[in-house]
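Model the full assembly from the supplied sequences, consistent with the hints where possible.
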Amino acid sequence: MEKTLLDLEPGMQGIIARFAGNPGFVRKLRTIGIREGKNLTVVTRHPLGGPVVIEVDGREVTLGRGMAVRVVVDVAA
Numbered sequence: 001m002e003k004t005l006l007d008l009e010p011g012m013q014g015i016i017a018r019f020a021g022n023p024g025f026v027r028k029l030r031t032i033g034i035r036e037g038k039n040l041t042v043v044t045r046h047p048l049g050g051p052v053v054i055e056v057d058g059r060e061v062t063l064g065r066g067m068a069v070r071v072v073v074d075v076a077a
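Note that UniProt numbering gives residue 60 to position 60 of the sequence shown, counting from 1, and the numbers run on in steps of one.
Simulated from the structure, these hints should not be mistaken for lab results.
Mixed in with the good hints there might be a few duds.
Heads up, simulated DSS-like pairs for lysine-lysine below, C-alpha to C-alpha not over 25 Å straight-line [claimed, not checked]:
1. Lys3 x Lys28
2. Lys38 x Lys28
3. Lys3 x Lys38
See below:
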């Protein structure tokens, strides 16, 4: 089942399926190690419109909600 990264609760895991954004956005994510096929875990979602913290390849990455909503993740149902 595909969901956006913003839909996942802390502790949930998934595999990055695709990105919904322009080539510059996709390039930026790939530069920081967020690529299709990578496993990720949501560490936390900060309240009041704050960022989402994920773990990819053993390191934590913080994404704003505007970016997180454009990352589509395949989650085991």
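A quick look at each hint next to the structure:
For the hint linking Lys3 to Lys28, the alpha-carbon distance of about 21 Å falls within 25 Å, and the restraint holds. A hinted pair counts as satisfied when its Cα atoms are at most 25 Å apart, and Lys38 with Lys28 qualifies at roughly 15 Å. As the CA atoms of Lys3 and Lys38 are separated by approximately 15 Å, the hinted pair is consistent with the 25 Å bound.
Violated hints for the displayed structure: none, as all numbered hints are satisfied.
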